[in-house]
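Asks: Below, each chain spelled out in residue letters.
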Amino acid sequence: MAELTYRQAVAHGIAQEMRRDPDLVMLGEDIAGAGGVFKTTVGLLEEFGPRRVRDTPISEQAILGAAMGAAMTGVPVIAEIMFSDFLAVCFDILANAKSRYMTAGQVSVPMVVRTANGGGSRFGAQHSQSVENWCMMIPGLKVVAPSTPGDVVGLLAAAVRDPDPVVFFEHKSLMATKEDVEEAEILDELGKARIVREGTDCTIVALALMVPRALEAAERLASDGISAEVIDVRTLVPLDTETILGSVAKTSRLFTVEENPRLCGWGAEITSIVSEEAFWDLDGPIVRITTPHIPLPAADALEDMAIPSADRVYETVVANLA
Amino acid sequence: MDEFQSPPGDVKDPFTDPGLYDYANREPRLPDPVDGSVDELDIPTDTRIDLYEMQQVLRQVEKRAYDLFMQNLVKGTSHLSLGMEAVAAGFAKAMRPDDYTFATYRGHAHTLARGAPPGEVLAELLGRENGLLAGKGGSMHLTSVEHGMMGSYAIIGAHLCIANGAAWSAQLRGTDQVAVCFFGDGTTNIGAFHEALNLAAVWDLPVVFVCENNLYMEYTPSDLVAAVPHPAAGRAPAYGLDEIVIDGNDADVVYVTAQDAIDKARRGDGPSLVEAVTYRQGGHSRADPGKYRPADEVEAWLARDPIPMYHQRLLRLGVDEGRLSGISQDVARRVAEATEFAKGGQPPGEDLLMTDVWADGGAAWRN
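Here the protein sequences come in this chain order: D and P.
The first sequence runs 0 to 321 under numbering that gives the first Met the number 0.
The second sequence runs 0 to 366 under numbering that gives the first Met the number 0.
Incorrect hints may appear among the rest.
[As the list claims (entries may be wrong)] Pulled a few chain D residues facing chain P out of the computed Cβ check, cut under 8 Å:
id, residue
1, P21
2, V24
3, A61
4, G64
5, M67
6, G68
7, R99
8, Y100
9, G104
10, V106
11, P237
12, D239
No lab work stands behind these hints: they were computed from the structure.
A virtual CB, placed ideally from N, CA and C, is assigned to each residue, including glycine.
With the rest of the complex left out, here is chain D:
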């Protein structure tokens, strides 16, 4: 075991896969010489050389296009889009990556698009958004958002080995979190949620930065005598509805904790599935805890009010279970 930060886990996971597959390449802005603006690619240029780790111009369409074209002609690629907000300037290509269906299976696009997502850095509305739900809406894209260093390594490996395009959201506010990670190869599986805390009174479903906040809330709920089960969704597509429905069958109450703004957040899809398929398991309404439907403000005081906190999760659960 070795203690890794979340940011080190990204580089560790990429290195694991680049050692395994000598064809795997990566490209992005400032990823080679500078080791990434979030220091998530430190050491990769040194180990794998400039042929496999390439700096690009500030040209997100050129980056994703190069990744897609290389992937569809036999070279697996990891592309980095520095901030997930920038997906907006190359969204056409991300949406075009659904080539397999349009071509009746002729074209495969084995690419991973890594991107730094989410708030908490006081960067304001163009560098802080949680946009995983943008990608979730496109048939043909897989969507992953790990919450721990160990999951970063294992899910990144699963994403790289997946023959379909995967968007991999790394959370900016989790970069400094640490965990002991196996030194041997880790390979996880897409489409598997994890029950990170067992409970019997309610289910709290969370993703990425919202997972530690849900866990903190669950800890406080426990001291009030409320036993909350916390599920880390980990991948939005494919979605592990089995784990969520199984938990709701046990607890009869469901809360989702989402960093995305309210409308069309991923929690709405889970809410819809649970209300259609597990309505009679429920003892009360499903409650979504989200960032309000506003552009994210920059000031720390305002940003902290906007993004769901452990306090807000705790208070919402208490108010609804009372």
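Given the structure of chain D, go ahead and fit chain P onto it with the hints provided.
Replies: Then chain P, alone, in the frame of chain D:
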């Protein structure tokens, strides 16, 4: 106040010039005369015969596609390349079977030119199960990976970036394949065009960008919306590339230009940008009769139709008329067979609806 000078006299002000958007009454943009010296180019007769035959295939299949629209058998839209066959034929002939083609929604000709069967192309337009894409892609997404045709992309621009990726992949894998990417004059004003050219130049990618300048971006004359007279070549110097403008209606000119650009890319000497000036004989799409074009302009370009011109050249070079009419008749027979094949196809069944979203062949997004 010296820095605030009036604009030059020929700049039209859209607020005061009611004629600015009266495209049909503009000064016609006429084709250059045919360059007589092209006859002398050292191109083997067999190659020229192949170019003639390929142009015949493209022309006759596109005409058939038009007939099928008129019979209301093509349900969606379609963008024909009638009049632009020389570009597709000239480049395809200069490519190696393992080279890559990328095209826009106006991609029938490029798909056929790489060798995709006309019957499957027409069946795809008709939305039949025996179509090139089993009816799932349609006219604007024709793709035939086994023929090196890596896709038709219906949102212009992105595919230049994707072609770069295929070229990068060839570079990484150490093959000497080349990617050739076709697009129209309208594409030169979208950001992805500029991002792609810059990256291709910076990375010395083995890619050839081919602007089929047919003078109109959809319904608007492209000279009104581009900052330079030649929308592609005029931008080339910004990326350290040569300004190459050719007669896109002369298959021989296209062929020798393509050979040069492809050889350069294959040698590792980086990308090229070729502007092939041509004209679409019809409208932008099925819905468009093309009435925004000056009548004398259309007439002049119809007189510069690439196929009769090429026919005349072959006769001048001593090819027998009987041989050429034999080719034309043989293509007509093949197109008739292709039409029967397409019409004979069934509509795709429900079993196809939920296939091929993922590599496992299915569409499941949850357990």
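Asks: Each hint needs a verdict: does it hold in this structure or not?
Replies: Going through the hints against the structure:
no., hint, result
1, P21, "violated (11 Å)"
2, V24, "holds (6 Å)"
3, A61, "holds (4 Å)"
4, G64, "holds (2 Å)"
5, M67, "holds (5 Å)"
6, G68, "holds (2 Å)"
7, R99, "holds (5 Å)"
8, Y100, "holds (5 Å)"
9, G104, "holds (4 Å)"
10, V106, "holds (6 Å)"
11, P237, "holds (6 Å)"
12, D239, "holds (6 Å)"
Violated hint for the displayed structure: number 1, the only one.
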